[in-house]
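Novice: Sequence:
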Amino acid sequence: SAPAPEVAQKSEQKAAQKAEPAAPSARSANGSAAEETSIRVDSTRLDQAMNQVGELVLLRNRLSAAVARMAQEDEALARLARETDLAVNDLQNTVMRLRMQPCKRLFQSLPRVVRDASRSLGKKVRLDIEGEDVEIDKTVVDALSGPLIHLVRNALDHGIEEPEVRRQAGKPEEAVLRVLARHLGDKVQIQVGDDGRGMNAQKIMQHAISKGVITAQEAARLSEREMLELIFLPGFSTKEQVSELSGRGVGMDVVRSTVASLRGRIDIDTTLGKGSTLTLELPLTMAVLPVLYFRLRRETYALPVAAIENLLAIDPEQVHSISGRLMVQVDGNRVVPYIDLGQLLQDRPIELLKDQSEGILIEQGLLVVSEAMGTEDSVVKPLDISTNDTLYQGATISGNGEVVLILDGAALARVQRKS
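For the sequence shown, our numbering assigns the number 1 to the initial residue and increments by one for each residue that follows.
I should point out that these hints are in silico values taken from the structure, not numbers from a laboratory.
It is possible that some hints are incorrect.
[Unchecked claim] Calculated pairs, SDA-like style, for lysine to any residue (alpha carbon to alpha carbon, straight line, at most 20 Å):
| no. | residue 1 | residue 2 |
| --- | --- | --- |
| 1 | K138 | L284 |
| 2 | K203 | E226 |
| 3 | K124 | S109 |
| 4 | K381 | A395 |
| 5 | K187 | K124 |
| 6 | K274 | P163 |
| 7 | K187 | S261 |
Construct the complete structure from the given sequences, taking the supplied hints into account.
Specialist: Dropping the structure here:
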């Protein structure tokens with residue numbers, strides 16, 4: 001079954017149990033309550049507080065690991081550790097909520113962008129926005145402003161047809177561009193969708209071949225989804241002329257790299273003649289990341305729990321070579337790529353399974369590991385920029401004090417395909 005990380009407990013119940021506030025003053029009665037119950041705080045101070053809480057979480061993890069080894073001998077110590085754990089979780093949640101901002105701030109420039117762009121292109125477009133009150137981490141809001149504007153402009157320029165073309169296709173002359181935000185468990189989804197022409201996967205693939213981005217042999221092995229994802233390659237465009245609207249500045253490659261840097265993912269859903277929707281799935285907070293620790297031979301690595309679909313036992317007969325690529329049959333008839341971590345991370349030759357092994361199933365394929373060790377809330381530390389290794393999201397310190405690299409599943413799959 002899928003790993004079940006411990007999720008930080010909420011503190012709303014405690015807040016609800018606090019004493020009732022004093023009776024409002026005359027100034028409060030005159031409408032100044034908001035002024036009395038809120039203050040302006042420099043965002044750098046919030047960042048400092050969050051960093052300090054992050055260090056506290058790491059110390060909590062080390063304390064919990066030490067207490068676990070002694071729990072049978074000292075129940076009082078174990079109880080004290082559990083109470084400390086709850087207190088740290090409450091503090092962590094409180095500080096994280098201070099960093100949350102409504103998506104309205106992220107969306108506020110879009111009406112003007114759509115109005116100006118549609119006028120410039122001679123297109124009729126109605127913008128529908130949903131979820132302005134959905135809250136996300138300030139880091140996400142700041143980072144996504146440019147990429148979101150590019151996605152909207154890209155839909156207007158490349159996706160939505162001219163009024164005459166729409167009329168001939170039996171569509172209303174006025175197109176609809178939808179921007180939506182919503183919570184989905186411990187994540188937030190932001191969607192940009194249109195009812196335009198949709199994306200042609202074959203056309204995208206042929207264009208990539210003509211520009212030398214991929215070879216015909218590589219293209220023959222691509223799934224439809226992989227063909228669509230070619231739009232995220234640097235400098236890729238299906239238009240012959242560079243557009244001042246969506247062809248300069250932030251590109252689709254920057255959109256994907258920004259989303260990846262936020263520990264998120266971007267998906268494409270498209271139907272020819274009906275339109276396209278790009279979905280960004282991002283963590284609610286950037287402060288703490290639940291990870292699964294695993295061993296590969298003698299080395300310990302971590303993988304974000306959000307990226308994991310399941311933990312499986314894999315037999316050698318489930319591994320097959322299909323069109324020169326190693327694939328694994330899982331969950332009945334589902335076949336996914338075999339991602340050889342030994343080759344990618346430890347520069348070892350590809351090894352076929354000889355005995356039953358543990359596997360971590362992610363969306364992009366199956367990782368075969370020596371041992372899955374358990375989950376833990378981690379604080380992500382950026383790697384030194386000189387490392388220049390895109391296989392990792394960062395590093396963390398485990399409960400036993402070991403520095404552990406956190407893998408990027410999507411990057412592993414991309415590198416595996418090229419090898």
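Novice: Check whether the Cα positions of K187 and K124 lie no farther apart than 20 Å.
Specialist: 33 Å, violated
Novice: Straight-line Cα separation of K124 and S109 no greater than 20 Å?
Specialist: Distance of about 18 Å is within 20 Å: holds.
Novice: Against the 20 Å threshold, does the CA-CA distance of K187 and S261 hold or violate the hint?
Specialist: 15 Å, holds
Novice: For a C-alpha distance cap of 20 Å, please report whether K203 and E226 respect it.
Specialist: 13 Å, holds
Novice: So if I understand the rule, the pair passes when the alpha-carbon distance is 20 Å or less; does K381 with A395 pass?
Specialist: Distance of about 5 Å is within 20 Å: holds.
Novice: Given the hint that K274 pairs with P163, does the C-alpha gap stay at or below 20 Å?
Specialist: 15 Å, holds
Novice: Is the straight-line distance between the alpha-carbon of K138 and that of L284 20 Å or less?
Specialist: 10 Å, holds
When each numbered hint is compared with the structure, a violation occurs for hint 5 only.
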